[in-house]
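Protein chains: 2
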Amino acid sequence: MTNLADLTTPYLLLAPDKMRANIARLQSHMSTLGIPLRPHVKTAKSIDIVRQLFPTGKGPITVSTLKEAEYFAEHGFTDMTYAVGISPDKLLRVARLNQSGVRLSVLLDSKAQAEAVVSFAKRDSFNIPALIEIDCDGERAGLQRGDKKIVEIARILHENKQFSGILMHAGGSYHCPDKAAKEAAAEHERETAVAVRDDLLAAGLPCDVVSVGSTPTAHFAKDLSGVTEVRAGVYVFHDLVMAGIHVCSPDDIAISVVATVIGHRPDKGWIMTDAGWMALSRDRGTAQQELDQGYGLVCAMDGTPYTDLIVSSTSQEHGVLSVRKGSKAKLPKLEIGSKVRILPNHACATASQFAGYVVPDGDELVYWPRINGW
Amino acid sequence: MTNLADLTTPYLLLAPDKMRANIARLQSHMSTLGIPLRPHVKTAKSIDIVRQLFPTGKGPITVSTLKEAEYFAEHGFTDMTYAVGISPDKLLRVARLNQSGVRLSVLLDSKAQAEAVVSFAKRDSFNIPALIEIDCDGERAGLQRGDKKIVEIARILHENKQFSGILMHAGGSYHCPDKAAKEAAAEHERETAVAVRDDLLAAGLPCDVVSVGSTPTAHFAKDLSGVTEVRAGVYVFHDLVMAGIHVCSPDDIAISVVATVIGHRPDKGWIMTDAGWMALSRDRGTAQQELDQGYGLVCAMDGTPYTDLIVSSTSQEHGVLSVRKGSKAKLPKLEIGSKVRILPNHACATASQFAGYVVPDGDELVYWPRINGW
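Those sequence lines, one after another, are chains A and B. Going left to right, the first sequence walks through residues 6 to 379 as this note's numbering numbers them. Going left to right, the second sequence walks through residues 6 to 379 as this note's numbering numbers them.
Source of the hints: derived by calculation from the structure; they are not laboratory data. Errors might be hidden in some of the hints.
Just so you know, same-sequence chains aren't split out, so a pair can sit in one copy or run between any two.
[To be verified] Below, simulated DSBU-like cross-link-like pairs (lysine-lysine); rule was C-alpha separation at most 35 angstroms, straight line:
#1 K127 with K344
#2 K154 with K338
#3 K333 with K184
#4 K335 with K154
#5 K273 with K127
#6 K184 with K335
#7 K333 with K153
#8 K184 with K338
#9 K330 with K154
#10 K184 with K273
#11 K154 with K344
#12 K184 with K330
#13 K330 with K116
#14 K153 with K72
#15 K153 with K338
#16 K72 with K23
#17 K127 with K166
#18 K166 with K330
#19 K344 with K333
#20 K23 with K227
#21 K338 with K63
Let the sequences and hints guide you as you build the complete structure.
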């Protein structure tokens, strides 16, 4: 969709002022702590948006796919970390980027991966910088603090001058609605990182990069001594999951899906729209939170939420709006053809359902394409 | 992704032999019942696949978006039904297709929509054929049998020669694991359709089209007297949700996501792969079924399922494989770099995460692009 004259719903609307405020808020916090940010571009996947973070720069950025790495390299970015465990089938694409003048670091947590990366790099005499993934809260991949394999893997990499340092992601912070719990998650992430770094230094190894981050811990960290960079992604847009754990307010959310009313079921208390799961994604990230937002919170086109109106169910191209269970709010009167804006549970998932962003620019709308896929 | 030389995981693999068997199975059943099929292309969204249904033909097909309608029109299809309630903002795109020689029918269930469609068509003196949506099981949109509005709306449309007939979708059949329940859902869909048609005829109105369908009811209908066409979509690929209600077996599923092992967490019984929710979708359609398949059932590359191995959790680009809760099966030994195939919960949702299908063709692989978006 590039012809805005043909714009029909559902489409993804970006509020650039909210996005800029979100970017400024975290940048200001990081400046206070004196730590550089390596934003994760997996949420936005758009050069027009990432240029807001680096108006003239070349990174540093974090990517979640090699397609992102290749796309941002084409746009002049030269400092990237691919923050998903590397597999041998991807080394050719990684090598091509590194041979073209980009510094793309890979991530790993096993000897098998380290040996594959070293042998691939040796064969063609070039460098693939590698980071070891550390697990700080049992949420995903990585080796745990104290695991002897950390030093063994670092040594395999260091012998071929490929070892850069360590990386971790405090994914557990997504389950922390309390301020104190988010602060504790941030401090635990920092402390784990520094302890692992110290083990490496004690073993006579370098550890130049100490990379931590998640949107909640980045915002709630009070001290980042020993850390060399922070990664965060979803903060650029924020979403209902972040609002549900009080990292932002719903009013900070910079993207919404614009939908049109296509029907009514007064017998069921339903308003039907044309934004189903294909537009909103199947993400139900607020289902385990205190306030379940269904498939999204419904707002008027000026951004004001209707009282307790959520997308309560979806099929592929149908969204059902209804009043939240237990609420006494009345269903708003929304005629056929009325437009609403739906705030997403999870910005990364909802944005990925679209090929680009519709962005108000003065009195006009412009279109910022994004990339999906691998 | 069109360069298969650079093929890395995750990618969407299509087994064309399974797909052809699925297509033949339903076509044979419909031939026995003597009712034409109007396949729903919302699942495949690919001309290469829909050409398997209509090798030289022009439809009839069902579409879920105007983008599908425009795409298939460009490929010569001329008989289409847009099976989502129409809104006024979309009429310009509908009109353009109808003026170009395509017959694109729209769907509606309110006077407001009927009046909008009639007044739009009158303005430029051309036809937009319209169907009235009927609800047969309280699952989604539509008017209920006996509602006087059905005749009133039909009359508004008929006065401008725009009334084509009625359409319904027995979405409730997705919750019917029992054979008898699926057969009853099919008969209820048929019976409701015929009763509404008879009400229209009794009111002196025509009702040329009596369109019913869902993948479960299409397969389990024993008699379709009075019906003029059947719609179904997911049957072309099938998926774990369909297998869970015994419309197919897991072995019939024609698409899978190919993933690579990128790590291990023996402490947790996890194998990590590079297919997260971005590849598999967030669909958890088997969660309410008897056998919860997590985010997908894991198979070896030859298609044999590992005993009780499912994708138990996902993040954006990480999938965690583990043995189903309660099972005594052992975690298979899958080294870093091993490939697996993951059968999807919901084929429509998983396929929509990809820009196309990787298809074995003799000893080669070919790529069949698909369209997403609106």
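Now the hints, each set against the structure:
In the homo-oligomer, the alpha carbons of K127 and K344 lie at most 35 angstroms apart only across protomers (25 angstroms), although the nearest pairing inside one protomer, at 58 angstroms, exceeds that limit. Proximity of K154 to K338 under the C-alpha cut-off of 35 angstroms is restricted to the inter-copy arrangement: shortest distance 20 angstroms between copies versus 62 angstroms within a copy. Taking CA atoms no more than 35 angstroms apart as the test, K333 paired with K184 passes inside one copy only; the shortest distance there is 30 angstroms, against 41 angstroms between copies. Proximity of K335 to K154 under the C-alpha cut-off of 35 angstroms is restricted to the inter-copy arrangement: shortest distance 24 angstroms between copies versus 59 angstroms within a copy.
Taking the shortest alpha-carbon separations for K273 and K127, only the inter-copy value of 34 angstroms comes in at or below 35 angstroms, while the best intra-copy value is 66 angstroms. Taking CA atoms no more than 35 angstroms apart as the test, K184 paired with K335 passes inside one copy only; the shortest distance there is 33 angstroms, against 41 angstroms between copies. Only between protomers do K333 and K153 lie at most 35 angstroms apart by alpha-carbon distance; the minimum there is 30 angstroms, versus 58 angstroms within a single protomer. For the homomeric pair K184 and K338, neither the shortest alpha-carbon distance inside one copy (38 angstroms) nor that between copies (42 angstroms) is at most 35 angstroms.
When the C-alpha separation of K330 and K154 is checked against a cutoff of 35 angstroms, the pair qualifies only between copies, where the shortest distance is 29 angstroms, while the shortest distance within a copy is 50 angstroms. In this assembly of identical chains, the alpha carbons of K184 and K273 lie at most 35 angstroms apart only when taken from different copies (29 angstroms versus 39 angstroms within one copy). Proximity of K154 and K344 under a CA criterion of 35 angstroms is satisfied inter-copy only: 24 angstroms between copies versus 56 angstroms inside one chain copy. In this assembly of identical chains, K184 and K330 lie within 35 angstroms of each other by CA distance both inside one copy and across copies; the values are 28 angstroms within and 34 angstroms between.
With identical chains, the CA atoms of K330 and K116 are at most 35 angstroms apart between copies only, with a shortest distance of 30 angstroms across copies and 51 angstroms within one. For the homomeric pair K153 and K72, the shortest alpha-carbon distance inside one copy (34 angstroms) is at most 35 angstroms, but the shortest distance between copies (55 angstroms) is not. Taking the closest pair of Cα atoms, K153 and K338 come within 35 angstroms of each other only across two copies (22 angstroms); inside a single copy the shortest separation is 63 angstroms, beyond that limit. Taking the shortest alpha-carbon separations for K72 and K23, both the intra-copy value of 27 angstroms and the inter-copy value of 30 angstroms come in at or below 35 angstroms.
Within a single copy, K127 and K166 get their C-alpha atoms as close as 10 angstroms, which meets the 35 angstroms cut-off; across copies the closest is 74 angstroms, which misses it. Proximity of K166 and K330 under a CA criterion of 35 angstroms is satisfied in neither setting, with 59 angstroms inside one chain copy and 43 angstroms between copies. Taking identical chains as interchangeable, the C-alpha atoms of K344 and K333 lie at most 35 angstroms apart only when both belong to the same chain, with a minimum of 23 angstroms there against 52 angstroms between chains. Taking the shortest alpha-carbon separations for K23 and K227, only the intra-copy value of 24 angstroms comes in at or below 35 angstroms, while the best inter-copy value is 57 angstroms.
Taking the closest pair of Cα atoms, K338 and K63 never come within 35 angstroms of each other, the shortest separation being 49 angstroms inside a single copy and 41 angstroms across copies.
Hint compliance for this structure: hints 8, 18, 21 are not met, and every other hint is.
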